[in-house]
Amino acid sequence: MIGLLSYLVFFVTEALVNFIAVLGLNVQWGFAGLFNVGVAGFIGIGAYVSALLTAPPWYGPPGPGHVGGLGLPVLVGWLGAMLAAAGAAAVVALATLRLRADYLAIGTFGIAVALQELAANAQGLTGGPFGIAFIPHLLAFVPPGGLVRGLLDLATTAVAAGAAWFAIDRVTAGPFGRALRALAQDEAAAASLGCEPRRLRIQAMALGAAAMGLAGAVQASLIGYIAPDNFVPVLTFQIWAMLVVGGMGSHRGALVGAFAVWGLWSAAGALFAVVLPASMATGGASLRIVAIGVAIAASLLLRPRGLSPPGRIVSRFLRERLKTSRPGRGGLPPARR
Amino acid sequence: MLEVHDAVIRFGGVAAVDGASLTAPPGSITGLIGPNGAGKTTLFNLVAGALRPLAGEIRFEGRSLTGMPAASRLAFGLARTFQIPRPFPELSVLENLMVAGPHGGLLAALAPARTRARELAARVRAEEILARLDLAALMGEPARVLSGGQRKLLELGRVLMARPRMILLDEPAAGVSPVLLETIGRILAQLRDEGIGLLMVEHNMAFVTGLCDRVYAMESGRVIAEGSPRAVLADTRVAESYLGAAV
Numbered sequence: 001m002i003g004l005l006s007y008l009v010f011f012v013t014e015a016l017v018n019f020i021a022v023l024g025l026n027v028q029w030g031f032a033g034l035f036n037v038g039v040a041g042f043i044g045i046g047a048y049v050s051a052l053l054t055a056p057p058w059y060g061p062p063g064p065g066h067v068g069g070l071g072l073p074v075l076v077g078w079l080g081a082m083l084a085a086a087g088a089a090a091v092v093a094l095a096t097l098r099l100r101a102d103y104l105a106i107g108t109f110g111i112a113v114a115l116q117e118l119a120a121n122a123q124g125l126t127g128g129p130f131g132i133a134f135i136p137h138l139l140a141f142v143p144p145g146g147l148v149r150g151l152l153d154l155a156t157t158a159v160a161a162g163a164a165w166f167a168i169d170r171v172t173a174g175p176f177g178r179a180l181r182a183l184a185q186d187e188a189a190a191a192s193l194g195c196e197p198r199r200l201r202i203q204a205m206a207l208g209a210a211a212m213g214l215a216g217a218v219q220a221s222l223i224g225y226i227a228p229d230n231f232v233p234v235l236t237f238q239i240w241a242m243l244v245v246g247g248m249g250s251h252r253g254a255l256v257g258a259f260a261v262w263g264l265w266s267a268a269g270a271l272f273a274v275v276l277p278a279s280m281a282t283g284g285a286s287l288r289i290v291a292i293g294v295a296i297a298a299s300l301l302l303r304p305r306g307l308s309p310p311g312r313i314v315s316r317f318l319r320e321r322l323k324t325s326r327p328g329r330g331g332l333p334p335a336r337r
Numbered sequence: 001m002l003e004v005h006d007a008v009i010r011f012g013g014v015a016a017v018d019g020a021s022l023t024a025p026p027g028s029i030t031g032l033i034g035p036n037g038a039g040k041t042t043l044f045n046l047v048a049g050a051l052r053p054l055a056g057e058i059r060f061e062g063r064s065l066t067g068m069p070a071a072s073r074l075a076f077g078l079a080r081t082f083q084i085p086r087p088f089p090e091l092s093v094l095e096n097l098m099v100a101g102p103h104g105g106l107l108a109a110l111a112p113a114r115t116r117a118r119e120l121a122a123r124v125r126a127e128e129i130l131a132r133l134d135l136a137a138l139m140g141e142p143a144r145v146l147s148g149g150q151r152k153l154l155e156l157g158r159v160l161m162a163r164p165r166m167i168l169l170d171e172p173a174a175g176v177s178p179v180l181l182e183t184i185g186r187i188l189a190q191l192r193d194e195g196i197g198l199l200m201v202e203h204n205m206a207f208v209t210g211l212c213d214r215v216y217a218m219e220s221g222r223v224i225a226e227g228s229p230r231a232v233l234a235d236t237r238v239a240e241s242y243l244g245a246a247v
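Just so you know, the protein sequences line up as chains A and B, in that order.
Here the working numbering is used: the first residue of the first sequence is 1, the next is one more, and so on.
Here the working numbering is used: the first residue of the second sequence is 1, the next is one more, and so on.
Keep in mind the hints are simulated off the structure, nothing from the lab.
Where is the CB? At the ideal position from N, CA and C, for every residue including glycine.
Worth double-checking, as some hints may not be accurate.
[What the hints assert, rightly or not] Not the full set, but computed from the structure, chain B residues with beta-carbon under 7 Å of chain A: (1) Ala70; (2) Leu74; (3) Ala75; (4) Arg86; (5) Glu95; (6) Val99; (7) Leu106; (8) Ala109; (9) Glu119.
[To be verified] Residues from chain A shown here face chain B by an in silico Cβ test under 10 Å; the list is partial: (10) Ala167; (11) Ala188; (12) Glu196; (13) Arg199; (14) Leu200; (15) Gln203.
[Stated by the list, open to error] Ranges between beta-carbon positions, derived for each pair: (16) A:Arg170 <-> B:Arg132: 29 to 39 Å; (17) B:Arg52 <-> A:Val12: 54 to 64 Å; (18) A:Val290 <-> B:Ala113: 49 to 59 Å; (19) A:Gly311 <-> B:Leu54: 47 to 57 Å.
Start from the sequences and build out the full structure, keeping to the hints where you can.
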């Protein structure tokens with residue numbers, strides 16, 4: 001019973017971590033229409049930066065040129081992770097500004113793969129394939145293992161996710177979010193109305209990546225250990241699946257999608273572990289990815305706008321009075337009394 | 001006052017605009033006519049900032065616009081509409097207008113009180129404009145449901161948000177039903193009477209003669225006639241250029 005409860009707590013915690021990253025992708029794709037296929041790279045930047053900032057100096061295998069952790073407070077690590085990921089995204093955006101749609105996708109994908117290779121090979125900095133261990137939890141006075149630690153991790157993750165949601169909603173449910181959506185729908189028209197495409201794209205990339213970096217940092221603190229294998233393209237694929245299934249352009253959809261896809265991913269893993277013999281474990285891992293792919297296809301067929309699509313009125317400044325008007329065929333009455 | 005002095009632009013070897021000059025004063029509607037391929041739209045795009053002239057100068061209220069990006073011209077008081085309207089289809093009619101309001105970028109979130117005040121002011125203005133354009137009943141609908149003529153009005157409304165002193169209109173009458181055409185003509189005349197300058201590229205000659213105070217006729221990238229609409233249409237070179245294009 002305790003085991004099941006512990007698992008449930010862990011499941012919700014992980015879904016919330018994913019949700020933070022999906023929020024970031026929602027800013028980039030759901031609002032600004034930026035096709036970022038390097039999500040894992042930005043999550044990885046956050047994870048590594050926060051690990052290096054917070055891990056103790058003796059974290060890894062000692063070796064020539066080894067750079068230790070700085071042992072700073074965890075919240076400093078998380079903040080640093082967000083800044084580093086945002087900065088990296090701004091540089092990527094600057095470099096790929098002229099690239100649209102599929103070219104931006106290729107560019108970001110290449111950067112994510114390069115970052116993964118860097119993590120695997122820059123041994124002195126990242127621990128190479130062994131990664132970085134002994135990354136502290138937030139509120140580390142409760143030792144790892146046990147339900148209390150799990151609940152504490154759930155609480156801290158929920159606070160981080162809630163803060164990310166609040167902050168991103170504040171920014172996107174206002175003039176900035178509207179400018180991004182206009183830009184995504186018609187760049188020339190948006191530019192003619194004073195929306196500066198370059199500046200807005202850089203800001204959207206940076207804001208989204210900050211959330212992804214936070215997700216990476218929170219995850220690193222939860223597990224206490226990171227390695228390059230944690231930041232492979234499958235992670236990008238998962239985050240995208242969550243956004244598509246949940247509903248692009250909707251932060252609530254990001255939450256719903258994170259839980260739905262993470263639930264499917266976990267259930268598929270458990271199912272294949274039971275059904276398939278141990279010799280086919282690798283095949284089972286691949287089948288999980290197939291399950292997510294089928295979920296995306298089914299979602300696009302059955303609920304193309306997602307499980308929880310965005311409402312009709314996105315700006316919180318427009319919501320107030322429009323809510324009072326009666327919905328109907330003739331649209332909304334003039335709001336001037 | 002908008003002034004174009006000897007503007008030149010070439011595409012490959014073809015001089016699409018070949019030393020054209022014109023003046024569009026405030027509180028006045030200036031028409032730009034000519035057969036297809038005469039260079040009207042290209043000249044229009046030079047003024048709007050979508051293209052850069054190879055030579056010549058474009059000045060607005062005494063300041064040179066050469067090299068100023070399209071996104072900056074609206075804040076400068078110079079607005080444009082598109083020949084085929086380009087509404088943001090998934091934004092509501094009201095939001096379409098508010099895109100043209102101040103957005104301040106990401107950092108606007110750091111000043112929530114000011115952002116809120118600006119948003120509410122922009123909304124009041126947007127609703128006033130929509131009422132004036134007979135679009136108030138549709139303000140909560142996504143812009144994709146609008147008819148062709150309503151989209152033209154929406155575009156006009158969007159640029160009015162920024163209180164421009166000069167509006168460039170790319171074929172405001174094209175693809176508009178006769179009823180809405182009358183509405184558009186009435187609104188343009190009102191804007192002129194309020195002191196806004198209008199420069200329009202237009203093929204509908206009845207619309208041009210009914211509204212324009214002054215007309216420039218182009219052919220082969222050059223201005224071949226200018227004056228009152230009647231005088232320009234009576235000009236034999238203008239008539240020949242149209243006949244020549246028709247044959």
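Here is how each hint holds up against the structure:
This hint holds: Ala70 of chain B has a C-beta 5 Å from the nearest C-beta of chain A, less than the 7 Å allowed. Interface hint status for Leu74 of chain B: upheld, as the beta-carbon distance to the closest one in chain A is roughly 4 Å, under 7 Å. A distance limit of 7 Å between C-beta atoms decides the matter here; for Ala75 of chain B the minimum to chain A is near 6 Å, and the interface restraint holds. With 7 Å as the threshold, the beta carbon of Arg86 of chain B comes within range of chain A, its nearest partner Cβ sitting at about 4 Å, so the hint holds.
Because the smallest distance between the Cβ of Glu95 of chain B and any Cβ of chain A comes to about 6 Å, under 7 Å, the interface hint for this residue holds. Interface hint at Val99 of chain B: satisfied, since its Cβ lies 4 Å from the closest Cβ of chain A, which is below the 7 Å cut-off. Hint on Leu106 of chain B holds. Least Cβ distance to chain A is approximately 4 Å, under the 7 Å limit. Given hint, Ala109 of chain B at the interface with chain A, holds; its Cβ is 4 Å from that chain's nearest Cβ, closer than 7 Å.
Interface restraint check: Glu119 of chain B against chain A, minimum CB-CB distance 4 Å, threshold 7 Å, status holds. Evaluation of the Ala167 of chain A hint against chain B yields a held restraint, the C-beta minimum of about 8 Å falling below 10 Å. A cut of 10 Å between beta carbons decides the hint on Ala188 of chain A: the least distance to chain B is about 7 Å, and the hint holds. Satisfaction of the interface hint for Glu196 of chain A is found here, the shortest Cβ-Cβ separation to chain B being roughly 5 Å, below the 10 Å cut-off.
Interface restraint check: Arg199 of chain A against chain B, minimum CB-CB distance 6 Å, threshold 10 Å, status holds. A hinted interface residue such as Leu200 of chain A counts as satisfied when its beta carbon comes closer than 10 Å to some beta carbon of chain B; here the least separation is about 7 Å, so the hint holds. Annotation: interface hint on Gln203 of chain A holds; nearest CB of chain B at approximately 4 Å, less than 10 Å. A beta carbon spacing of about 32 Å between Arg170 of chain A and Arg132 of chain B agrees with the range 29 to 39 Å that was offered as a hint.
Checked against the hint of 54 to 64 Å, the pair Arg52 of chain B and Val12 of chain A passes, with Cβ atoms roughly 56 Å apart. Range check, Val290 of chain A to Ala113 of chain B: Cβ separation about 51 Å, and the 49 to 59 Å hint holds. Judged by the Cβ atoms, the range 47 to 57 Å given for Gly311 of chain A and Leu54 of chain B holds: they are separated by roughly 49 Å.
The earlier numbered hints are all upheld by this structure, with none contradicted.
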